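Line by line, the protein sequences are chains A and B. Counting in the numbering used here, the first sequence runs from 1 upward without gaps. Counting in the numbering used here, the second sequence runs from 1001 upward without gaps.
Simulated from the structure, these hints should not be mistaken for lab results. Warning: the hint list may mix true and false statements.
As the list claims (entries may be wrong) - With a cut-off of at most 25 Å between alpha-carbon atoms, the simulated SDA-like pairs for lysine to any residue come out as follows: (1) Lys1018/B / Gln128/A; (2) Lys255/A / Phe293/A; (3) Lys276/A / Ala307/A; (4) Lys1018/B / Asn131/A.
Owing to the predicted nature of the structure, the values given are computational and were not obtained by experimental measurement.
Number of protein chains: 2
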Amino acid sequence: MLSFAELSQQFSVYFSQKHFPAEPASLYGPNEYFLKNGGKRIRPVLCLMGNELFDEIKQDAWEMATAIELFHNFTLIHDDIMDNAPLRRGQETIHKKYGTNTAILAGDVMLIAAYELINNVSLTVIRQVQNLFNTTAKEVCEGQQYDLDFEGRESVSFQEYLKMIELKTSVLLAASLKMGAILGGAGQRNQDLIYEFGRKLGLAFQVQDDYLDAFGDPGKFGKQVGGDILANKKTFLLIHAFETATGIQKNELKKLMQENPPDKIKKVVEIFSNCKSDEWALQLKNKFLDEAFQHLEDIAVLSKRKAPLKELAEFLVKRDH
Amino acid sequence: MLSFAELSQQFSVYFSQKHFPAEPASLYGPNEYFLKNGGKRIRPVLCLMGNELFDEIKQDAWEMATAIELFHNFTLIHDDIMDNAPLRRGQETIHKKYGTNTAILAGDVMLIAAYELINNVSLTVIRQVQNLFNTTAKEVCEGQQYDLDFEGRESVSFQEYLKMIELKTSVLLAASLKMGAILGGAGQRNQDLIYEFGRKLGLAFQVQDDYLDAFGDPGKFGKQVGGDILANKKTFLLIHAFETATGIQKNELKKLMQENPPDKIKKVVEIFSNCKSDEWALQLKNKFLDEAFQHLEDIAVLSKRKAPLKELAEFLVKRDH
């Protein structure tokens, strides 16, 4: 059994190859540029770990892990266009550096390249794996569309936000694990359990991400604290605050969102605290994390095989007591 | 054996179903809207004809034909963004009606939906069919990228333009036929021959299209005559004219392209005529058409089975003697 760090290292060596032909350089150059920029490679490693939970890692899992990483990068390239993001991991995005048209096409061929790799998977599982991959790919697009829709809306309910996050973020983590499990020969019940583990882990991770935006330690948190607040992003915290605030608090929150005063972050965080949205979010995160671990617990393999996944989950989502 | 018209009618009935779930309506609504707009459905029918050339049409061919039509529409949705086209078949394009972000995602899920259908194809041929589909899909993107690149360039050679057209247009026609042939149980040599037939037919079609822009009968030609000339599009005619014109003619052509006078179309057509680009284009078209028919001739099946494909080719590309 390999740890997340070891698998991550091995995958990063495996992945550091050219993924596209040389010509047309105006199309494939941008893709190689984008892929070289790294990233945490969490999803492909989840696929490898899903495999290794049940059996030794097969060549199929490496192909699949690479396909998943290419798919993830396809979504990033297109999302960056939609969000008009100038930077990704401190480096210019494709649409910023090479133009929107090339970014659209670069994403398109990145997705097709993912399918090329999946087509190498053993015939005994190809239909099952592709079925899950296709369903997940559509769900991720649906999640992104809901996210776009929510931007233009005045309010979003907890249930709506949860569904959006599930589609946009969780299902790919869950499916990465499950695809690895399928390749590792897992039975249906174990496949379902590992999927649910990934889904709940993804939700816990997003709650944490939303929490840290408002209550994170600026020194430790990778992103600008309060970025979501400045952008009026509908997060778990904002949705909870709106659902529990008094009339006066609600009006103040709306005013802050409309007028963007210099002390906006401080004032909004105060309202979140007064609504106890921080405590609520930590409880929600722990609930999802507990559910995730319960699913992992229920998987019918020796407990020691689960250690790397437990370690990864603890690394991604710190438990708060 | 069914004629193109009969198969086209059957396919249009088969295709007139909902292809996407109801929600999110903001994503799938635009796709259903776009698909309802029709089109000639040439590519899926080529797939059915490629199958019927060798055997009775199988369910696999209907799935594959639908996948091909979805793929073709994916390329149209994304191309329309890149070309900033307001209309497609007289109806607003997705990016114009619903915004660029939704158009990007709508194209993405259209492509994924194509893969969902391909995943239904029999296991005995799934890898082969997907391999051809993936290669072709990448080539079509490459062709579009070359097309974008050429827009910004001063000159494009005949060979470069030919390669671009082959990738952007011909390979999908060729692959549609070949995928049908694979599903119909054709041997390797027959598969190669029908692919070459489609490839050459696509080239002949594009030469004709370029020719008709300048020399077509405005009453018969579906598009505005001279549209390519007004847009300074590098066509077979313009490339030939630049390669054969005298220094004086070349300068006049450049001046017309820069200054866009009211009589631009008339003047450019005159130069094309003086360079005999029209005669050259008709010869080139006939050359590709002859080659296409020779490949069809060489396919080892009874001659009468080839009648519908011959009829379709004559319909798409009128022979000029």
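Results of checking the hints against the structure:
The suggested pairing of Lys1018/B with Gln128/A holds, with an alpha-carbon distance near 24 Å, which does not exceed 25 Å. Of the supplied pair hints, the one linking Lys255/A and Phe293/A is violated, its CA atoms being roughly 41 Å apart against a limit of 25 Å. The suggested pairing of Lys276/A with Ala307/A is violated, with an alpha-carbon distance near 34 Å, which exceeds 25 Å. Taken as a hint, the Lys1018/B and Asn131/A pair is honoured in the structure, with Cα atoms around 19 Å apart against an allowance of 25 Å.
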